[in-house]
Amino acid sequence: MWRLLRTTTFRLALLYCGLFLGSVAVILWVVYSLTAGFIERELSDAIASDVAVLREQFERKGLPGLVDAVRTRSADPHTNSIYLLVSPGGTPLGGNLSGWPNTMPDGEGRLHFRVAETGGPGGQPATAQAVVFVLPGKLRLLVGRDMSELDLLRSRVVASLGWIAAVAASLGIVGGVLLSRGMLHRIEAINLTTRRIMAGDLSGRVPHSGNGDEIDRLAGNLNAMLDQIERLMTGMRQVTENIAHDLRTPLSRLRSRIELTLLHHEDDPEVYRTALQETLAEADRLLATFKALLSIAAAASEARRADFRAVDLAETVRQIADLYEPVADEAGLSFTADIRANPAVRGDAQLLSQAVANLLDNAIKYTPAGGRVVLTLEGAGPGQAARLSVADTGPGIPAEMREAVLERFVRLDAARASPGNGLGLSLVDAVAHLHGARLLLEDNEPGLKVSLVLPPDAASTR
Amino acid sequence: MRAGTSGFAALNPTYENLVGRVEPKAKPDVAPLARSPEDGTLIDMKILVIEDDRQAAAYLAKGLKEAGHVVDVANDGTEGLFLAGSQRYDVMVVDRMLPGRDGLSLVELLRASGNDTPVLFLSALATVDDRVKGLRAGGDDYLTKPFAFSELLARIEVLARRRAGAQPQTRLVVGDLEMDLLSRTVRRAGREIDLLPREFTLLEYLMRNAGSVVTRTMMLENVWDYHFDPQTNVIDVHIARLRQKIDKDFPSTLIHTVRGAGYCLRASG
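Taken in sequence, the protein lines are chains H and U.
Numbers given in our numbering equal positions in the first sequence, counted from 1, plus 31.
Numbers given in our numbering equal positions in the second sequence, counted from 1, plus 137.
These are calculated hints, taken from the structure and not from any lab test.
Incorrect hints may have been included.
Computed, partial: chain U to chain H, Cβ under 7 Å [to be verified]:
1) Gly251
2) Gly327
3) Asp331
4) Phe337
5) Trp361
6) Gln368
7) Thr369
8) Val371
9) His375
10) Arg378
11) Arg380
For each residue, glycine too, the CB sits at the ideal point set by N, CA and C.
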């Protein structure tokens, strides 16, 4: 229950309820003061006309006429008029008021007092208002009106305000509770998912209500974030597993070599020397693998995008071709760098160079002497900002395998399992992914053509 | 593609920065560097190693001493700063991550106080960005851990020599091999040798560091500006080509292979 009261929705409901009550009170007060003012003016007018009539009576018929008129008027049991005529000594001469009121007149000569005779609302004594005249001969005449109508209005306004307050408050509380519970339920669903994810189940997702409100949008964003985290976690786990897999074999080889050397050759320095040299070579291979895995991990990290600069691809291709041309030549291959355009893209020049270097490495390694390796750079076209491709005349990859190989790139795993590819293609795939590029494996008839297609939004204005 | 290869400067801004940063005049306070009578490598250099991993520091010190150098070791930035400020060193080897004061700010401070001792950064941080930060802070070279000791030794030597001997040069001479940097021509024993632009750049790098071992990684970084290791040993192929032109038709070899390390250009004998 306390949790419910602490929710924002509930507090908002209460706040609206309070605002509503405040405005109702203001409206009622305005209505009341307008109405009361009108009634008060009416009464003053009535008193004034009474006074005028009585004065005329007095002037025409003298005191007996006035007394007569006062008595006649007072005799009406339903009247709300109040009269009292007293002698200079204070003896009542006529009227329906039992005694002279014990109050002082206000600034405008009006008397306000309570009368017991005429019942106010709820049997309360009604308030009354009157004016006083002093007649020749020190006679005093009081003419007034019972104000019970005004009292009634006032008490009704107060009563209705009370009712409205009660109804509004209960509606506000009930509505607030209902709304908060609905909201709380949905927030609680998000909390539950979050707790489950914190507990280690990364597959959990926040449910959608489908009405597209803020909470739904929040849920959508949370889910997108979770997808991204899960992807990164999976990537990380894969890298870890790959490292474990790739390093365990050479490490155990290293270990058994050292162990065997220590077991059998106690005093032959030459054997120790050879063993140490082999160990060093093995350690170097291990470090190279480790380095390759780290560069794949680095290329796979999106943070690398922050370092993107405008890359002159023609220059990049020229340099890498320059590095590999003698290598291809040495392997008895004809090598061409076909630079057809001069595109600039946003990217990481080192990683792009490394990717092309790995593709060239593979092409040169697998193409038999006498073959051809062509490195092509194409510029912007439909759906691409640039296209880098390496084509060879080697054995290629059969069409039905290509899909599988590409698919396995995603897991970084299989490219390594297929003999010879090593980690090279995994890095190319990671670099392609980082640049938002597509990696295509095509038939070069004969041979393999691997293309890196950079998307149009990778284009840079240098 | 040969025709498409552009000039040395355009291809290699980094190389330009490295070899082109020459002192206007020889510094009188720099002691001449001693050379080993056997293979001509530098010996007796005073080297400061600032490295917080004591085991790694001890291993570095031992290796450098065995190579004939005098080594001081500081295990944190504060001690390193004190030593660097109180003595003259030929080269400093600075780990980037240090307790007390990190390597970057240490070198920045030294440079601000006018200390121009060559600095080689060691770091486990391998991205290009980290390298750029290190060089910008005033480092002269940057080596990522783990590294081969021969790689470190080769780089230290190149740094020391660059400082001691660097003067504006228009002509490089090693034995009977001459390179004219203005006309971009190379002659050996008076015979002109025709080189491709990249071969010229590679030979220039070797000649500027003649007598020192240069590793394959150093060549990739300084001649091609690549900070990754290609799978095949591309450098060996380039060196083989260069040998065809420089050494093949001559009685003595200039380009020597140093096993387990790299190559060294020096006049025999």
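Tested hints:
1. Gly251: 32 Å, violated
2. Gly327: Given a least distance of 27 Å, the restraint on U:Gly327 is violated.
3. Asp331: 16 Å, violated
4. Phe337: 12 Å, violated
5. Trp361: The hint holds - U:Trp361 has a Cβ within 7 Å of chain H, the shortest such distance being about 6 Å.
6. Gln368: 5 Å, holds
7. Thr369: 6 Å, holds
8. Val371: Given a least distance of 5 Å, the restraint on U:Val371 holds.
9. His375: With Cβ-Cβ at 6 Å, under 7 Å, it holds.
10. Arg378: 5 Å, holds
11. Arg380: Because about 12 Å separates U:Arg380 from the closest Cβ in chain H, which is outside the 7 Å limit, the hint is violated.
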